[in-house]
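Could you put together the complete structure from these sequences and hints?
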Amino acid sequence: MAIFKEGDEIVRELSFSLAQNEAFDEEMARDPRVFIIGEDIGEHWGGPMGQFRGLFAKYGAERILETPISETAMMGAAIGAAATGMRPVAAMMFVDFLGVAADELLNQLQMRYMFGGKTTLPLTILAGIGTGVSAAAQHSKSLFGWLIAIKGLKIVVPSTPYDAKGLLKSAIREDNPVIFLSHKMLGGRLTSEIPDEEYTIPLGKADIKREGTDVTVVATAFMVHRALSAAATLQEEGISLEVIDPRTLVPLDKQAIFDSVRKTGRLVIISEEPRTGSWAAEVSATVVEEAFDYLDSPIKRVCAPDTPVPFTPGQEKFWTPDEDDLIKAVREII
Amino acid sequence: MAIFKEGDEIVRELSFSLAQNEAFDEEMARDPRVFIIGEDIGEHWGGPMGQFRGLFAKYGAERILETPISETAMMGAAIGAAATGMRPVAAMMFVDFLGVAADELLNQLQMRYMFGGKTTLPLTILAGIGTGVSAAAQHSKSLFGWLIAIKGLKIVVPSTPYDAKGLLKSAIREDNPVIFLSHKMLGGRLTSEIPDEEYTIPLGKADIKREGTDVTVVATAFMVHRALSAAATLQEEGISLEVIDPRTLVPLDKQAIFDSVRKTGRLVIISEEPRTGSWAAEVSATVVEEAFDYLDSPIKRVCAPDTPVPFTPGQEKFWTPDEDDLIKAVREII
Amino acid sequence: MNIEKDRLIDMYRTMVRIRQFEERVSKEFASGNIPGFVHLYIGEEASGTGACAALRPDDYITSTHRGHGHVIAKGGRMDRMMAELFGKKTGYCKGKGGSMHIADTDLGILGANGIVGAGIPLAGGAALSARMRGTDQVVICFLGDGASNRGTFHEGINLAAVWQLPVVYVLENNLYAEKTRISDTYKLTNLSDRAGAFGIPEVTVDGNDVIAVYEAVQVAVEKARAGEGPSLIECKTYRIHGHFEGDPQTYKPAEEVEEWKKKDPIDNFRKRLADMGVLTDEDTGAIDREVAGEIDDAVRFAVESPFPAPEEALEDVFA
Amino acid sequence: MNIEKDRLIDMYRTMVRIRQFEERVSKEFASGNIPGFVHLYIGEEASGTGACAALRPDDYITSTHRGHGHVIAKGGRMDRMMAELFGKKTGYCKGKGGSMHIADTDLGILGANGIVGAGIPLAGGAALSARMRGTDQVVICFLGDGASNRGTFHEGINLAAVWQLPVVYVLENNLYAEKTRISDTYKLTNLSDRAGAFGIPEVTVDGNDVIAVYEAVQVAVEKARAGEGPSLIECKTYRIHGHFEGDPQTYKPAEEVEEWKKKDPIDNFRKRLADMGVLTDEDTGAIDREVAGEIDDAVRFAVESPFPAPEEALEDVFA
Ligand SMILES: Cc1ncc(C[n+]2csc(CCOP(=O)(O)OP(=O)(O)O)c2C)c(N)n1
Ligand SMILES: Cc1ncc(C[n+]2csc(CCOP(=O)(O)OP(=O)(O)O)c2C)c(N)n1
Ligand SMILES: [Mg+2]
Ligand SMILES: [Mg+2]
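Chains as they are written, first to last, in this note's numbering: chain Z, 1 to 334; chain P, 1 to 334; chain W, 1 to 319; chain R, 1 to 319.
One or more hints might be untrue.
Cut-off 20 Å, straight-line C-alpha distance, at most; resulting in silico cross-link-like pairs (DMTMM-like, lysine to aspartate or glutamate) [said to hold, decoys possible]:
#1 P:Lys209 / P:Asp322
#2 R:Lys187 / W:Glu311
#3 P:Lys317 / W:Glu311
Bear in mind the hints are in silico, worked out from the structure with no lab data behind them.
Following this line, the structure appears as structure tokens:
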């Protein structure tokens, strides 16, 4: 991300996976109650995006717990451990696999509420999301809309290595269930400056990834980068996009969005999921409910079509919202 | 519902459960491929709302299949049977239990798409929804928002016995996966005139449950009745509500909603589910996207708070949207 | 048998508490004082009582939708449980949970559960946590025969077996899952045979004999505490009331009901205690009356307690 | 052994097809012609081949993420499968599915599956359907060792056992689930012992011996067809390639790899056929060359086929 300029300090540039890796390492070192549980996270593999690399060597089989292919048992065990004094991090490879542990999400995570406030569940769930590697319908979803319908769960969706590290540390320290979603396409060459000093980023605080005046674009995860690149393109025509990355879907920093819409009068939400039942709908409905008067034109959702994710690259690309789709939506309301 | 008046023909008035019971009976008699699979639906019980009563005596253990407590196996078996020439009806008691068979919903129902159109899945899933009997967090959800985020699934939410019968028959005849949701509070004394002649109601066709001019109210299931009673109250003050019951969430009869909003300029959606991630958000976002110019004021969602469902009756009542909440929302935009 | 007298007396008192609590719940439910669904434990008292008697106060249990007996056996307060059933603010869950979610984490009671079989993976987590925290706490996971057909049974117990976690699975086979005869849902004689799929020890006991249950569970608990891993214990028992209150139970053959009435765990234990010279009929009568007083107190507490404010429904989602 | 010569030759040809297909996929994947994830079946050919040889054309199979071999063994077309892997419109799924979703319902192939263990309940449904439609079709459900730790294994097989459905569960134990040594995930010697949890027959066979697999599966298939219910057959085998293409396989001990190379199912079967006088080295060489031609044709078909139009992604959601 950052480009080195003459006179700049030398900074540490870390990838998305390494930034997370540092967060795990720091939090495990800091608090002996933190442990990771999941499939194939141990000695021989660093996880689907390499984010666990080296942790097994450092923390051993006692704190990097490899399970059988038993996601229900794993998620249930994480909840049971969280309710009794530990701080588990449960690694689901892909968000698509949550279907096999969905009772735990829908009906067990709500322990605190059902018990009248008696329990805390300091639990972090990790899952990969997104298209981009032709992984097809069962390994490419993002499920934002599906997840926000689950109560008692906070949802983190970082878009940069810097955010990922700071948010992951907060998620692990949080006394509530949090799901932390990592987009496949962020695992690659993207880097951020990561300070040497420890830092955390609070859940529920949006980040303005780019300031602008004409249209507010709300984007998360990989779509933040598409929004930024669309913004660069439109800038050449004198159209100025403000790109807001809420970073957490729950809690949602509504105020940041309202403030931006007050300024721009226009809102587009780009979200990598099918339109119907998307998180984008929630943002739209919220703004209409609470900031209707700021709106000069209809809110647009730039989402995927209402289909499962297709395999073949051309169709997967077609399915996934991109710069062109966003630019088209912006033009329609400007 | 209907009130007998002097001179009226004598009509058949059936409850929600009996209307469904007739639909099952007619469809099973009509097509030997139709069968029902579920827990405790056989000899000794007629299902949680009595909707299966008498079917076992008539169709026997060959077509009323009682399973172990194995919802994953049951739902998977229904899908496997549907893919190979049968027309299963899978009875989940409550929608809350779908968490234990969610992989089947998220990743297996999409067979047709993943196989490039090769398979049809004529499958009906039944599930009870809703609050009203102090069944607490794990037996009271409606999950509309969660369900619409699943692709490849049609969703039926009837509000009257008449609709229930006609829609259920269509669902069973449909060559696609359909989930049919029955609200607990409709199982009681509510009746409709049910014609002697066979009829079906197409999926995707809204019904205007009450015509009005000032505010469009979109409501489903039990909330339709609350909307109608709010409409009656407001009528006394000269405020006229149009109550639209989409009857199916997917496919959604958008046009009926747009047409109504064009007339009224105002929209309130009442939906029995927590606000964040609700189906109400989807309706709002869709209207904003496609019918923004008709709107004279912000769209309101009347939903439950973002919590699990509490047990104690006073809190459950507080949680569930009602006439007062709806009337309040209407007043805010009129 | 080599059980201290006090423990025997405690077990008797616990069983009577459960029986009387449940009978009163049945009445209060019928009178409309208890909303929602209640699933009563009448007839199965020996199983929960014997099992929990083998635990230390700091040990854990996970329970089921039929959990009142487990809670009482683990030392839960009847007044707070009754208040919860009434939906009162003084209830265990401040009225938010009701019968299917009663919990008292201070007593290691990790909750009833409205989802059949959902407690099984949770129990493994508590056991893992105990080990990671360096304690020698043990977890009893209660589950029904019906629950043993759920995938959670397989995944949860296998994980505990692989990691040799300190869990004792107490499978209460009461012959029915709702209205379904459990023998229609598997092709085995003893459900404990399923332990073979995980390579863990199995025991089948008369679940209406509190001493037999206690002894079997104690062996398993000691094993678990010593780091030797989980066991599966099947308690053969019978549910006397309906699946839920209001269930007409047309599905139960009359002879079966008669047969099991003769096996009433409390009547039989009372006789046995008399034979053993531990408690005379007078003694047990006194206990029964004491308990009746406790139940009255619990109901009074429930009745006199306030309901929570409706808006308090908004609290307790997040810490 | 009492197997017709033609069947032996067919089995040899099938195994060679699978091997050559997979080797070519490995190459095409490395060259970037195949997107997505591919999981190859090299080393396990005897299991799928022997199992499917026991089926009729109208029987069903459910497959896994490692499904190419099952598809070929059930008579699937290599050209359409290769085209699917390339993401082409002529592929089995018109490019929508890819390796993890290959299906040919006309041939009874009910689909590969990207969710481990998800095919197990589906297989029960197909078997139920066969019975309800009054056919005597049988279903083979392929699953991995890893999948046997999933809840679907328990629920799906138990349901089939209770209803005596015509399913044969072929558990391909290749010693690993991804990088995890499968013996770290259960405490049994043979996974087939899990059949005891359901009260169904179990068999353990050398999964690299195609004749042993065929014979064991045939017995189970005949039982299933006769209405005598399901069986669980564990085929002990080994995956030669990585879990997915690109996996460096650091987790496999060198001796283990060496040992299993000696057990190569095709080499051994070739020798055996020569010993039996069924096929000379010349004959097998000819078959190998024929198959090589088929593979070239399949790749040519894939390469020359068009991609589907992007907008066709919108089709096929609903019938
Ligand atoms: C996953 C799930 N499926 C179905 C139900 C409905 N249900 C509640 S209790 C019950 C029977 C449970 O049987 P068992 O485990 O034997 O316990 P018992 O009621 O006999 O104590 C069923 C089917 C549920 N609550 N959860
Ligand atoms: C429910 C689920 N969990 C995890 C995965 C990731 N995954 C894909 S293949 C695999 C290993 C499967 O092992 P096994 O069943 O033995 O089959 P094999 O790969 O050895 O053929 C895993 C864990 C998945 N696809 N689905
Ligand atoms: Mg039972
Ligand atoms: Mg394997």
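Status of the hints after comparison with the structure:
no., hint, verdict
1, P:Lys209 / P:Asp322, "holds, 17 Å"
2, R:Lys187 / W:Glu311, "violated, 51 Å"
3, P:Lys317 / W:Glu311, "holds, 11 Å"
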